[in-house]
Amino acid sequence: MPLASHDAANLLVLPVLVPLTSAAASLLAWRSVRVQRRIGVIGAGLHLAAGLGLLAMVWRRGIVVYQAGGWPAPFGITLVADYLSAIMVLLAGIVGFSVAVYSLDSVDVRRQAFGFYPLLHLLIMGVSGAFLTGDMFNLYVWFEVMLIASFVLLALGGERLQLEGGLKYVTLNLIASALFLAGLGLLYGETGTLNMADLNVKLPAAIPPGLATTVAMLFLIAFSIKAAVFPLFFWLPDSYHTPPVAVSAVFSGLLTKVGVYALLRCFTLVFVQDVGYTHTIILVAAGFTMVTGVLGAVAQQEMRRLLSFHIISQIGYLLMGLGLFTPLALAGAIYFMAHVIIAKATLFLVSGAAHRISGTYQLGHLGGLYRSRPVLAFVFLVPALSLAGLPPLSGFFAKLLLVRAGIEAAQYAMVAVALAVSILTLYSMMKIWTGAFWRPVPEGLPRHESARLGTMLPPMLWLAACTLALGLSAEPLVALSMRAAESLLDPSWYVTAVLGG
Amino acid sequence: MRVLLAIVIGALYAAGFYMMMRRGIVKIGLGLALLSNAANLLIFVAAGPSRAAAPIIPMGQTVPSAPVADPLPQALILTAIVISLGVLAFALVLIHRVHSICGTVDCDLLLLEDR
Numbered sequence: 019m020p021l022a023s024h025d026a027a028n029l030l031v032l033p034v035l036v037p038l039t040s041a042a043a044s045l046l047a048w049r050s051v052r053v054q055r056r057i058g059v060i061g062a063g064l065h066l067a068a069g070l071g072l073l074a075m076v077w078r079r080g081i082v083v084y085q086a087g088g089w090p091a092p093f094g095i096t097l098v099a100d101y102l103s104a105i106m107v108l109l110a111g112i113v114g115f116s117v118a119v120y121s122l123d124s125v126d127v128r129r130q131a132f133g134f135y136p137l138l139h140l141l142i143m144g145v146s147g148a149f150l151t152g153d154m155f156n157l158y159v160w161f162e163v164m165l166i167a168s169f170v171l172l173a174l175g176g177e178r179l180q181l182e183g184g185l186k187y188v189t190l191n192l193i194a195s196a197l198f199l200a201g202l203g204l205l206y207g208e209t210g211t212l213n214m215a216d217l218n219v220k221l222p223a224a225i226p227p228g229l230a231t232t233v234a235m236l237f238l239i240a241f242s243i244k245a246a247v248f249p250l251f252f253w254l255p256d257s258y259h260t261p262p263v264a265v266s267a268v269f270s271g272l273l274t275k276v277g278v279y280a281l282l283r284c285f286t287l288v289f290v291q292d293v294g295y296t297h298t299i300i301l302v303a304a305g306f307t308m309v310t311g312v313l314g315a316v317a318q319q320e321m322r323r324l325l326s327f328h329i330i331s332q333i334g335y336l337l338m339g340l341g342l343f344t345p346l347a348l349a350g351a352i353y354f355m356a357h358v359i360i361a362k363a364t365l366f367l368v369s370g371a372a373h374r375i376s377g378t379y380q381l382g383h384l385g386g387l388y389r390s391r392p393v394l395a396f397v398f399l400v401p402a403l404s405l406a407g408l409p410p411l412s413g414f415f416a417k418l419l420l421v422r423a424g425i426e427a428a429q430y431a432m433v434a435v436a437l438a439v440s441i442l443t444l445y446s447m448m449k450i451w452t453g454a455f456w457r458p459v460p461e462g463l464p465r466h467e468s469a470r471l472g473t474m475l476p477p478m479l480w481l482a483a484c485t486l487a488l489g490l491s492a493e494p495l496v497a498l499s500m501r502a503a504e505s506l507l508d509p510s511w512y513v514t515a516v517l518g519g
Numbered sequence: 014m015r016v017l018l019a020i021v022i023g024a025l026y027a028a029g030f031y032m033m034m035r036r037g038i039v040k041i042g043l044g045l046a047l048l049s050n051a052a053n054l055l056i057f058v059a060a061g062p063s064r065a066a067a068p069i070i071p072m073g074q075t076v077p078s079a080p081v082a083d084p085l086p087q088a089l090i091l092t093a094i095v096i097s098l099g100v101l102a103f104a105l106v107l108i109h110r111v112h113s114i115c116g117t118v119d120c121d122l123l124l125l126e127d128r
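From first to last, the protein sequence lines are chains A and B. If you want the numbering used here, it's the position in the first sequence, counting the first as 1, plus 18. If you want the numbering used here, it's the position in the second sequence, counting the first as 1, plus 13.
Source of the hints: derived by calculation from the structure; they are not laboratory data. Where hints are given, some of them may not hold.
Claimed, not checked - Pairs of lysine to any residue, SDA-like flavour, derived with a Cα cap of 20 Å:
(1) A/K220 with B/D83
(2) A/K220 with B/G61
(3) A/K186 with B/K40
(4) A/K186 with B/Y31
(5) A/K186 with B/L85
(6) A/K186 with B/P62
(7) A/K186 with B/L122
(8) A/K186 with B/L98
(9) A/K186 with B/M72
(10) B/K40 with B/D119
(11) A/K186 with B/A102
(12) A/K186 with B/G61
(13) A/K186 with B/L54
(14) A/K186 with B/L17
(15) A/K449 with A/Q319
(16) A/K186 with B/G99
(17) A/K186 with B/D83
(18) A/K449 with B/I90
To be verified - So, partial list: chain B residues that the calculated Cβ filter (under 7 Å) puts toward chain A:
(19) R36
(20) V39
(21) L45
(22) A60
(23) I94
(24) L98
(25) F103
(26) A104
As the list claims (entries may be wrong) - What the simulated footprint calls covered on chain A by chain B, stretch by stretch (three residues with Cβ under 8 Å from a Cβ of chain B suffice, anywhere in the stretch; the number is not a length):
(27) 151 to 165
(28) 169 to 179
(29) 185 to 196
(30) 202 to 210
All C-beta atoms in this analysis are idealised placements derived from N, C-alpha and C, irrespective of residue type, glycine included.
Use the sequences and the hints to build the structure in full.
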């Protein structure tokens with residue numbers, strides 16, 4: 019059905035509106051967990067469909083802009099979807115839907131009864147809003163929507179570890195928010211605008227490059243805390259493994275990636291006066307993030323803690339793409355984003371299934387899963403090898419792009435680090451593989467062969483299939499990432515689309 | 014006036030960060046409150062406080078008659094206050110729960126359990 023351009027732009031609000039409606043509906047159905055579960059799956063499915071529709075729309079028409087209430091750009095609230103935003107919303111939809119299905123049988127009834135589903139929808143709403151907004155202050159607001167939902171999700175259940183992890187998570191994120199707010203204040207004071215496209219135009223003339231870089235550093239620190247970048251990541255491995263694994267999966271897939279998205283957006287659109295200075299810092303931080311993350315992962319014996327440290331090292335690769343700041347590198351970062359969100363979510367979900375079967379997350383106490391659950395072993399192996407970068411899986415192409423970009427930019431040290439970290443990644447993945455799957459069950463430990471996985475299995479299967487598909491259809495997807503990267507590096511398209519010709 | 018406000022903001026930031034680095038977790042809540050107030054004041058000062066008239070256009074005119082103050086910083090700060098109040102309330106409840114479950118408000122004793 020062909021749409022008039024006005025109607026098409028209205029569809030842009032769907033990824034925000036659908037989760038809001040689902041959350042409201044689940045709150046109305048507070049007394050009936052059964053209804054909430056249905057709304058949970060249907061709402062997340064509709065959000066996924068909205069994400070698909072959005073990407074299709076952006077693919078056909080280029081950047082789509084929605085001005086709330088008809089107020090033109092620098093004055094009103096603007097929602098913008100370019101390639102990057104649309105890809106991110108779609109990824110949020112995939113993770114959100116998978117987790118909604120997975121949680122039916124994995125999250126205990128008490129947590130479900132105390133608002134798990136409404137919170138999940140609010141989280142998805144905040145994440146989608148952050149991806150779509152075209153305004154720095156609204157980015158802050160969406161961040162907070164997402165954070166408040168994530169705070170409660172993290173603490174829901176009230177176990178001791180959860181509360182302690184939650185305390186660190188809440189404190190560090192609130193400090194990040196305060197810094198973000200301070201940066202906003204300075205930016206508004208100097209330029210008189212907070213619309214990102216408008217900032218791209220006005221910032222160079224409004225303040226000298228030195229001051230702009232100072233403000234940029236505030237944003238860099240704020241977003242880096244949220245994205246768990248070295249040396250600001252220590253809250254993550256202390257908190258991400260404490261809630262139920264469905265929550266960990268959605269956090270690993272979405273929350274840190276929103277920080278990375280904010281960095282990608284701000285440091286390609288707003289703060290590009292002093293690329294030599296800011297992006298070198300990002301590149302160095304990326305290298306250290308990779309190394310410290312993977313070294314932390316290698317040292318862990320608990321499956322979820324290992325995976326939590328892993329999130330950090332993968333963030334390093336994403337930042338490497340931003341730090342190199344060439345079209346190829348940014349395309350690599352965007353493709354890597356799709357790859358890592360899906361692979362990482364799958365691994366967390368598998369760790370939950372392993373826990374359901376064996377009753378533990380400790381690698382020392384796991385074993386024999388390959389013999390008893392070959393399907394699960396396969397579902398683990400695909401994303402694990404993909405993260406390590408084995409062809410023909412998605413991680414290989416993602417790293418290939420980044421490494422090629424690094425060589426072209428003559429950043430050989432960075433390339434060496436990225437490759438060495440790959441080997442350590444493979445080692446840590448093999449550690450889980452041998453510990454949990456390959457070797458026989460350790461003597462004297464109970465076996466839970468009869469444990470039912472129920473709805474936990476399908477999401478893992480299709481996420482693993484997604485990883486395979488990402489790798490096998492790398493060519494068109496890399497082409498899409500290249501288009502996204504080119505539109506990031508040439509903000510004039512974005513600016514014209516938002517402010518009007 | 015600006016200098017005075019700048020000193021106040023600096024003091025608030027310093028006190029906020031100092032509070033957060035203490036061992037007692039109750040002080041984290043106080044630190045958060047100070048930090049968010051410092052950030053709100055910073056927006057206010059950075060946008061330039063002025064004694065201009067309220068931005069209301071009189072009946073029958075299309076532009077205001079006198080120079081008006083920028084209404085946006087107030088809107089930003091108001092939003093930020095609402096958000097930080099909500100988040101602070103959550104943080105306080107969390108601190109309370111940590112205290113009642115772990116039986117301590119000392120960060121160092123909490124860290125021991127972190128395995």
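Results of checking the hints against the structure:
no., hint, verdict
1, A/K220 with B/D83, "holds, 18 Å"
2, A/K220 with B/G61, "holds, 18 Å"
3, A/K186 with B/K40, "holds, 13 Å"
4, A/K186 with B/Y31, "holds, 16 Å"
5, A/K186 with B/L85, "violated, 33 Å"
6, A/K186 with B/P62, "violated, 36 Å"
7, A/K186 with B/L122, "holds, 14 Å"
8, A/K186 with B/L98, "holds, 19 Å"
9, A/K186 with B/M72, "violated, 53 Å"
10, B/K40 with B/D119, "holds, 10 Å"
11, A/K186 with B/A102, "holds, 16 Å"
12, A/K186 with B/G61, "violated, 35 Å"
13, A/K186 with B/L54, "violated, 26 Å"
14, A/K186 with B/L17, "violated, 34 Å"
15, A/K449 with A/Q319, "holds, 9 Å"
16, A/K186 with B/G99, "holds, 18 Å"
17, A/K186 with B/D83, "violated, 37 Å"
18, A/K449 with B/I90, "violated, 50 Å"
19, R36, "violated, 13 Å"
20, V39, "violated, 11 Å"
21, L45, "holds, 5 Å"
22, A60, "holds, 5 Å"
23, I94, "violated, 11 Å"
24, L98, "violated, 11 Å"
25, F103, "holds, 6 Å"
26, A104, "holds, 5 Å"
27, 151 to 165, "holds (count 5)"
28, 169 to 179, "holds (count 6)"
29, 185 to 196, "holds (count 7)"
30, 202 to 210, "holds (count 7)"
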